[in-house]
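Student: Here the protein sequences line up with chains A and B, keeping their order.
Each residue of the first sequence is one higher than the one before, counting from 1 in this note's numbering.
Each residue of the second sequence is one higher than the one before, counting from 1 in this note's numbering.
Since the hints were derived computationally from the structure, they do not count as laboratory data.
Keep in mind that a hint or two might mislead.
Here chain B is said to cover these stretches of chain A; the calculated rule only asks that three of the stretch's residues, wherever they fall, bring their Cβ under 8 angstroms from a Cβ of chain B [unchecked claim]:
no., stretch
1, 170–179
2, 262–268
3, 281–291
Even for Gly, the Cβ is constructed at its ideal location relative to N, Cα and C.
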Amino acid sequence: MNILCAGLNHQNTPIEVREKFAVGGHEMQATLDAVRGIDGLTGAVILSTCNRVEFYAASVCPVRAFDGLRGLMQERTGVEAPLYFHDTPRSVRHLFRVVSGLDSMVLGETEILGQVKKAYTAAAEFGATTAHLNRLFQQAFRVAKHVRTETQITRGATSVGSVAVELAGKIFGELSDRRVMILGAGETSERTARSLVSRGVKTVIVSNRTFDRAAKLAEEIGGLAIHFDNWQNAFADTDILICSTSAPHAIITREKLIPMMKDRAGRPLFIIDLAVPRDVEAAVNDLEGVYLYDIDSLEGIVRQSLEVRRSEILRCEEMISDHVGSFVTWMRNHRENRRGG
Amino acid sequence: MDRLLLIAATLCFVASFGYTLYALGAGRFRPGRVNLVAILAGFLFQSAFLYLRGQAEGSCPLNSLYDVLIFLSWALVLIYLLVGPAYRLSLLGAFTSPLAFLLVLTALIAPLDHSVKVRPVLNPWIETHAALSIIAYGAFGLACVAGIMYLLQERQLKAHKASSLLYNLPPINHLAAAIARLVGLGCLLLTISFAAGFISQMPVNSMKFLTSAAIWLVYGLIFALHRFRNLAPRRLAELSIVVFALVLLTLPGIQYLSSRP
Numbered sequence: 001m002n003i004l005c006a007g008l009n010h011q012n013t014p015i016e017v018r019e020k021f022a023v024g025g026h027e028m029q030a031t032l033d034a035v036r037g038i039d040g041l042t043g044a045v046i047l048s049t050c051n052r053v054e055f056y057a058a059s060v061c062p063v064r065a066f067d068g069l070r071g072l073m074q075e076r077t078g079v080e081a082p083l084y085f086h087d088t089p090r091s092v093r094h095l096f097r098v099v100s101g102l103d104s105m106v107l108g109e110t111e112i113l114g115q116v117k118k119a120y121t122a123a124a125e126f127g128a129t130t131a132h133l134n135r136l137f138q139q140a141f142r143v144a145k146h147v148r149t150e151t152q153i154t155r156g157a158t159s160v161g162s163v164a165v166e167l168a169g170k171i172f173g174e175l176s177d178r179r180v181m182i183l184g185a186g187e188t189s190e191r192t193a194r195s196l197v198s199r200g201v202k203t204v205i206v207s208n209r210t211f212d213r214a215a216k217l218a219e220e221i222g223g224l225a226i227h228f229d230n231w232q233n234a235f236a237d238t239d240i241l242i243c244s245t246s247a248p249h250a251i252i253t254r255e256k257l258i259p260m261m262k263d264r265a266g267r268p269l270f271i272i273d274l275a276v277p278r279d280v281e282a283a284v285n286d287l288e289g290v291y292l293y294d295i296d297s298l299e300g301i302v303r304q305s306l307e308v309r310r311s312e313i314l315r316c317e318e319m320i321s322d323h324v325g326s327f328v329t330w331m332r333n334h335r336e337n338r339r340g341g
Numbered sequence: 001m002d003r004l005l006l007i008a009a010t011l012c013f014v015a016s017f018g019y020t021l022y023a024l025g026a027g028r029f030r031p032g033r034v035n036l037v038a039i040l041a042g043f044l045f046q047s048a049f050l051y052l053r054g055q056a057e058g059s060c061p062l063n064s065l066y067d068v069l070i071f072l073s074w075a076l077v078l079i080y081l082l083v084g085p086a087y088r089l090s091l092l093g094a095f096t097s098p099l100a101f102l103l104v105l106t107a108l109i110a111p112l113d114h115s116v117k118v119r120p121v122l123n124p125w126i127e128t129h130a131a132l133s134i135i136a137y138g139a140f141g142l143a144c145v146a147g148i149m150y151l152l153q154e155r156q157l158k159a160h161k162a163s164s165l166l167y168n169l170p171p172i173n174h175l176a177a178a179i180a181r182l183v184g185l186g187c188l189l190l191t192i193s194f195a196a197g198f199i200s201q202m203p204v205n206s207m208k209f210l211t212s213a214a215i216w217l218v219y220g221l222i223f224a225l226h227r228f229r230n231l232a233p234r235r236l237a238e239l240s241i242v243v244f245a246l247v248l249l250t251l252p253g254i255q256y257l258s259s260r261p
């Protein structure tokens, strides 16, 4: 028995082509049935995400099964399927790399593990898996856990929004009782605020020179709009301040902030300054209890995280090699036991 | 035998701290496993030592500076084991182990009188007073450890450094809350200890009384300032470190005065 992997992903196929091959949840069962009808193929799991469409199958004759799979995909989409193809042990290594986030667009991202689990569960529910595939995917989940816990491949955040959320967590702990104020309803500040809202911040106050725009954003993210002239009145209760106005000079200076901090009863203030030119004077970071991050420092942390992740690739690959070895050994023993039996 | 137990405890604390340094450096630190086991083992060795020492001395083993240092190290770990997991501040253990190690190491290698001082128990309130005082100091010691962690984490955040420490240290808000609660716990234990001392009606050296009262007052003031005057978390952290360092410096003096009523 061989493990076959065929597919296309963000590295070799543009989205215009990938989207044609995507397999939605509603067509999963029919597609699995069609795949299992291919000569020489005994079981299959289909992984379809925004970055990849991959088929993992158990087959006694992988080359013939691959041809059948390619033909099926071509027939289904009407275009030539630019599929890559791996058989054991490369197919096993590929799955282990995918599930560990090493093959993802954002190195080390963890969402892929949930997507692989979902794909496997769907295939198992439709009766499309075999003993080999069951064993392969169970081991893949163990590999993902092992790689994540033993290396720093998932360490740090890789976008400005997620860095902001992570830093807020390192200052406040839980974010559920926190209040966010947005000064300047820009696109980046909106994305950052959404990241914080997804982590459960309590209240979002939006203030913009154009009140209508503030009201619109407040409505979209479930917040409250206030007039720009009044933002200082709501400041005392704010824990996280996101600034992205188009003011040509700093609107928050050290001198302005010192008296405002006195009303905060020692509560820390996290300021995320996304504006260029900056809205907040750099010296504000020297004030006690104030943590100021501008766009450069946030992007600097993103770069540091990616560097750390990249430096861990070799260690991850070594771990994966060990797991591939143990899976291939299991396959061999399984085959010999069946022959012996 | 008792010295071997102490050496074993010391090795456990060193192992815990060494592992943390290595794991943090390699980015493999995961709170709550190796550290907890090593600290727990060290605590058990210390407990066995104190039990044997108490049996030999016929009283709570607080009859020399040697005893006091080991009891303080034991109390520090005891408070960590009680409150550490509750605050999910598992790295607290990693920072506690070097302090516990230093206290035991000082007891082992400093030129202190290691001999067994037999002292029959005349009044159980005196034993309660002495033991609770040192356990209270253990809480202050742990507040000091949390204070160090607070300053480290604050430094990481201010400097915009995404280091391994930033990701593994707890949020500064949690650390500030932990310091305040530990100082509060220490004050409470010290108050009960003083009450036990008054009930025992033991003769007290006035200098020792004044020093102990000053420590109690300073910690009480820190706690009150935090609770009622919004003492800034950074000040709270700094004070918890400085005052505990002073407590450690006065410890030999207090012990000396305790033996001279």
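Student: Next, verify each hint and record whether it holds.
Tutor: Evaluated hints:
Closer than 8 angstroms: that is the beta-carbon criterion, and the stretch 170–179 of chain A has 4 residues meeting it against chain B, so the requirement of 3 holds. For the stretch 262–268 of chain A, the stated coverage by chain B holds: 3 residues have a C-beta nearer than 8 angstroms to a C-beta of that chain, and at least 3 were required. Figure legend: the stretch 281–291 of chain A, annotated as covered by chain B; annotation consistent (4 residues with Cβ-Cβ distances under 8 angstroms, at least 3 required).
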